[in-house]
Each structure stands twice: as structure tokens, then as C-alpha cells.
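Undergrad: Chain by chain, the residues:
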Amino acid sequence: MNPWLDLYRQHGALRAMNDREAANEVRRVLRKLSEKPYAVLRGDAPARLVEGRVPRSDTVQYTLGREREGEALELEDLPFPLQEAVALRSARLAVLLRFNRRAERLQEMNIMLSGVRRDASPWAVAVHLPPDGQDRDGLGACGHAALHCHIGPTLDAKPKVRVPFPPLRPAQVVEWAVSQVVPTAEFEPAPWPRVEAMLQPT
Amino acid sequence: MALNWKALAPHRPLDPGEPGYISPPSGYAERLARLLATGASTILVGGPVGVGKSTELARLAALLQGSRVACLVQLDRRENIRQLTPDQLLLRVAGKLVALAIGSLGLQVSPSLAAPLMKAGVLSEKFSSGVESGPISFTASPVALVRAAIGEISRRSTQGRIALLLDGLEKLPQSPQSYEVLASLGQFDDAVDIVAVVPWFVAFGVAEDSLPPGSRFIPLPAPAVDGPAGAAGQQFLFDILAGRLGLPSESFDPAAITGTLGGAERAPLVNAVTERRNLLLAAAKWSGGLPRTFLQLMADAAQYAQIRRGDEWPDERDLADAVADQKDSFRRMLLPGDSAALQRYDGTDGREMELDRKIRLLARGVLLERQLATGYLMDIHPLVRPLLGDGTGA
Amino acid sequence: MREPGVALAGALARDEGGLTIVTCPDLDLRDWLVKEVESLVPTGAAPFRTTSVAEALREPNRMALLIPSDEAEVVRDLDACRDQALDPPRTQPIVLFLLRHGDGHRTLATEAPSAWSWASGNDVDPEELAELDVDAERAAFTDEAGAPPEDWLVPWRAGQLPRSQENYTRAFWAMTLEQP
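Top line first, the protein sequences correspond to chains R, S and E. Heads up: the first sequence begins at 1 in this note's numbering, then just goes up one per residue. Heads up: the second sequence begins at 1 in this note's numbering, then just goes up one per residue. Heads up: the third sequence begins at 1 in this note's numbering, then just goes up one per residue.
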């Protein structure tokens, strides 16, 4: 049981973050994803991470797209060798983040990538950190970890797989989600050669 | 080909001879050229920011080229105008005059004139080839140098007469040093025509004693863009936009769509051009006739379209947001008491308005002077009118 | 309604080599807004921070983030020197950070018509724009979901609504608008 308890604690600790810092981290990832030569998002994507603050409250949200609709990945615009590595015909990235600004706390994270495979069947991956105080869904911290990832044709298709997710910040979750759809070196934020170099004793 | 909205460059005036010049309905530059031809020798140019003073001055330089050595001195591109002294002004003029003589007119100048200007940093060493060889030791005051330059160049040039077109002095703050700078306009030789862009306070008699006798203040008006009299002003703005975007001027005229297209093919094209024209008409009306504001509105709206949807052409919502951005700028600029004063003097000739406030509001185009057959009247800028009495404390 | 990031990015891109003003509610948020601009701009803009107009003008091909130590003086200098940005032409804007009710804005209003005009429509207050119009948002939610946010959340929290992507997004929206 202890490892699951530890994971739950780590997920709780992850929530401590400054919203502006977290948003700027996401913007930097979006910028990388929208810059040529390997752009998978339309230009100026960082600008479309929309901040919304509830007046006279500490709540602030960030959504990709004003209507929370997210952004289509421009898979067909990728160079040919990269296109071959992509198993989806189309995909859409949504980012929903809500914070308590004064408490510097991530209240909710919802990063989803849904798409259509080449055989026209649906496919979705979604990383959820439920609202603060409401993250004990399901039966326990193993079967329904606080920060978890759904993978399947749709989010509610059975069996409902909820993979426990490591305590990564929103920007890294976005990086990860895109790396699953475009599994090429250009979209790998931590390529092994660099990891190995950093693992070398100094 | 994709439209290059960056080419709008609302902050950039045209340089002399640069293609794309569109004459305003007032025919301002041509009017000044006629005045100079009929004997006016010192003309002071005024007008709200963004009305096109620099572009008109550049146009005037091009118009005068045949009859005069037309020397456009863009002082604000080289100097911090706040710190400009009379000597710096005179040296800059002398330096530019010699550079023009060598670089554009192909004249040679004496080394005794060029050397001190190079030493003062107002004439580039690259003009050395146009300097005659000979003794170069010469020391003189800035006023002597500028007069020497005027004398030598008017004698050697085929045009004979020199016109100095001074841009940037409108940025002079209202201060004793500025009055001295303005007074230095009287230091040039009588044989020189002077056209200088000056601050608004000059229009109301402030610094009058400093100015050369016989100076005429001629404001550049913002063209009317609303009502029956507004058609010429609208077309002027459309033509500027089309020119900067590299489009034919009839691009925004649905009536210009003719040819062999059948009704079914023609209708959507007419609809698209009509929509664009309506958007431009709205932007023109919001601009109050100020070309810079019009270009800023369209460039801003185009950015919204590009960033939001990747669209090449803005829609109504994009323009509405660009208008909101401009209104914010005007709102932040209004000071306590402005709202009441604007409402009180709207539609009058403004003569009773407190002078400092009037100068500040005219300089920014918050108040526009509209010329009628019977005189001038004050018109509140269309972007400001909705802000009045909205509780901003202005 | 203007999205703060879009308005800011649009202001940075509108005039190649122009002047953008970012309005900051306080000095701490000014630091954050500088970082936000840095995270928004394309890598090629090579932004750099400076406190001086002269230094900003010396780098025409880099985005100058002008963070004044004396706002009024910087605005006066910009007013008097701005045309130096035309020759040689800048390819990247100067981005001036000013306090919302500070000396810089006051100087723009009283002494610096040229600088004000260049930046007109390009002076963004992202913090102000970020404020949600809750009444309008709640009306839109009710219209779209058929119930006010609090009412819609009851069956959602009871697990009675499908866990679809659409509903997850709607739940997120509802919780932002939820009133105690």
C-alpha cells in the first residue's frame, strides 16, 4: 500500500505551483510545437493559451482556445518522413488548467488529445488531475490514482483504463501527450543521447 | 499570394520619391508648393499625430526638386529632440545640405566647409569623394557654417534656390530652449525657403516672438470620412491601404468586378468584396480620417484574424476588438476634466477652451479641427466620443 | 471579448519595429509579464531586457524589452527619439513595460503625443483583459448546457453523466463559474 500512498502524496505536492510560472512553461512548449520546421500547431499557439480570472476570487483558469476547444494538430503539414510515423489521421489537443492564485495551487488539470486513426476509429488520451479535494474517485489510490491517464477509443469506453501518472507539471504533460501522437525524434523532449550525457558522472 | 499586413507599417511615413504616395483630399503638399512658388518663404506645418505630416513633407520635397534644392532634414531620426539645441539644429541642417549636394546633386563642395561638418559628426566620411582637395583648416560657428553651406550650394546648383524642409520639431517640448530652437529658424539666409513641422503650441501664439517674421502656420487637416463629404476621405484611406498591401486600388470596389463572369460566379465575389469594403468603411469612420489610426486599426484587426484563426482577412469581431484596443489607448490618455471640456466645446470653434488642454487634445487628435466654409469647428474623435461620461473619471 | 494572450501577441506583431506598451498592475506583476512576453514571442525575435532607450535603439533586429527605472524619462526619450527606429528600420518592436497608474502613462498623456500615437491600440493591459465576464459566461453556460453551472454539476459529481471529453470540458467550465 505504501507506494500508492506515496504516489498520492506526490500528486498532492505537485499541486503547489504558481499559475503564471506554470502557464509560461506551457507557452514555451506550445511555442516549440508551433515553430518551423517541425510545427505541429499553427503559429502563435502560445498566444491562444487564454487566461481567465474570476473577479473578486482567487480562481484563474488557462484554456487552449477561448472556448476551451483546444487546437487541431496540423499532422498533414508535417514533413513526409514524420507523417509516416503518425498513426492518426487527425488529432486535437485540449488544455484546461485551473488554479487558486493566492494559494499558488493547481486545482485541476485536464490535458486531452483525441483523434481519429487512419481506419477512421476514434482514439483518445487524457491526463486528469481532478479538482483539489475531489481527487479520491473510484475505489482507491491504485485503481484511480489522483493524477491518471485515460487511454482508449473514448474516455468512457470499457474497460476504463486509468494509468497512474507520474507527478509531472502541465507543460511536461503537454509534451508527453504530443510525443505519443508524433513519435519522432523531433517531438521527443528528452532524447536518450541527451539523457545519457546528463547521466554521465561529472 | 498571401497578404503582407506587416507592410502596412502604420508608424512609418513615406520617404521622398518612395512609391505609394496618395494625395489627401486637401492636396496639402501641392498647396504648399504653390504657396512657396508665389512667394511664401516660411511655412509652419501642424496637425494631429498620425495625420501624415512627415509623408506630406517628403512629398513636398519631391515636388520641389525641379525648382529648388529641396533638402528634407528628418531631425528626429538623428537627434533626441528634447535635448536639441539651436547649434545642433544648424549643424544638422548644414550636414544634410552638404550630403544632399554631394550624394544626390553630384556637386563638389569645398573642404573647408565639409571638414568641420565631418568633425562635428553631422556629415558622414562616405561623402569625402565629393569634397574638393585643398586647404581644410577652418573653424566657424554653426550659424556661419550653415550660411556658408547655403551660399555655396545655391551658387553651385542648377536650381539656385534652397528649400529646407525640417521634420521632427513638433516633438519640441514647451520650454525656453525650444523657443531658442524655433528662433534659430530665423538664422538661415533670406534666400532660403523654410517649411518646418512645429508643435501645436506654435499655432496659438506661444513662442510667436521666436519665429521668423511672416511665418504662416498651415495645419494639415484630417479628411472628413463620414457623411456625404466623406467619400473622398474614405477613398484616400482605402488607396493608402491598397498601396501598402500591394493591391490595385479597385480591390475594395464591388462595382469594379466585371468581365466575363456569369451571375453565379460573380455573386460570391461581389459579396466578398462588399464585405471587405464595409469593414474598411467602418475602420475609416472609426479612424476619424487619421491615416495612421486607420492603418493601426486594420493591422490590429488583421493580427487578431491571423492569431485566432489563421485567416488572411479580419472579420467584424476582429475589427471590433481592434477598435476596443484603440479606445483603451484614448481612455488612458484622458485626464480629469477632459470629458467635460470635450463635451462643452464639441461643435464650437474652441476659442474659449483652456489653452493647455486644447493643445494637448489637438496634438493627439482627440479633438479634430474640421474646416467648414464659415471657419473651423472642434470635432471629438469618433474613438473618444463613446468614452465620454462613462465613469472613467476623465 | 479580447483574449489577453492574443491581444498581447497581436500588439507585439502589429508594427514591425514599432512600439508596444505592456501595462502592469504592480512591479511584481511587471516581472511576470516580462516573462510572459518572453514565453510568447517567436525564438527568432531574440528578446533582450534593457532599461535604456538608447540601448533599445542600438539593437534594431532584436525585440527590446524596455523595463524602465524612471518611467517618465524613458517615455520622454522615446517621444523624442522614436523616429530613430526608422533609420535603419527596426525589424523587431520595442516593448515598454509601464505601471497601470504610473508616471509613464501620465507622461504619455501629458507630454509625449508622438510616443502615444505610435503605440496607440498597441498598449495592452493583459491583467485587465484576463478578467472574465462571469455574468456573460454563466448565461452562455446555461444556454449551452441547459442548466446553471451549480445545477449541472450535481449529476456530474454523482457520476450520473457520461465521462466524455465534452462533459469533462463542461465540468471544468462549470467549476470555474460555480458560486458558493
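Rather than coming from a laboratory, the hints here were simulated on the basis of the structure. Be a bit skeptical, because a hint or two may be false.
Claimed, not checked - BS3-like, lysine-lysine: derived pairs with alpha carbons at most 25 Å apart:
| id | chain 1 | residue 1 | chain 2 | residue 2 |
| --- | --- | --- | --- | --- |
| 1 | S | Lys-119 | S | Lys-327 |
| 2 | S | Lys-285 | S | Lys-327 |
| 3 | R | Lys-36 | S | Lys-285 |
| 4 | E | Lys-35 | R | Lys-160 |
| 5 | S | Lys-285 | S | Lys-6 |
Just so you know, these numbers come straight off a predicted model, no measurement behind them.
Undergrad: Would you pick out the hints that fail for this structure and give their numbers low to high?
TA: Violated hints: 1, 3 and 4; rest satisfied.
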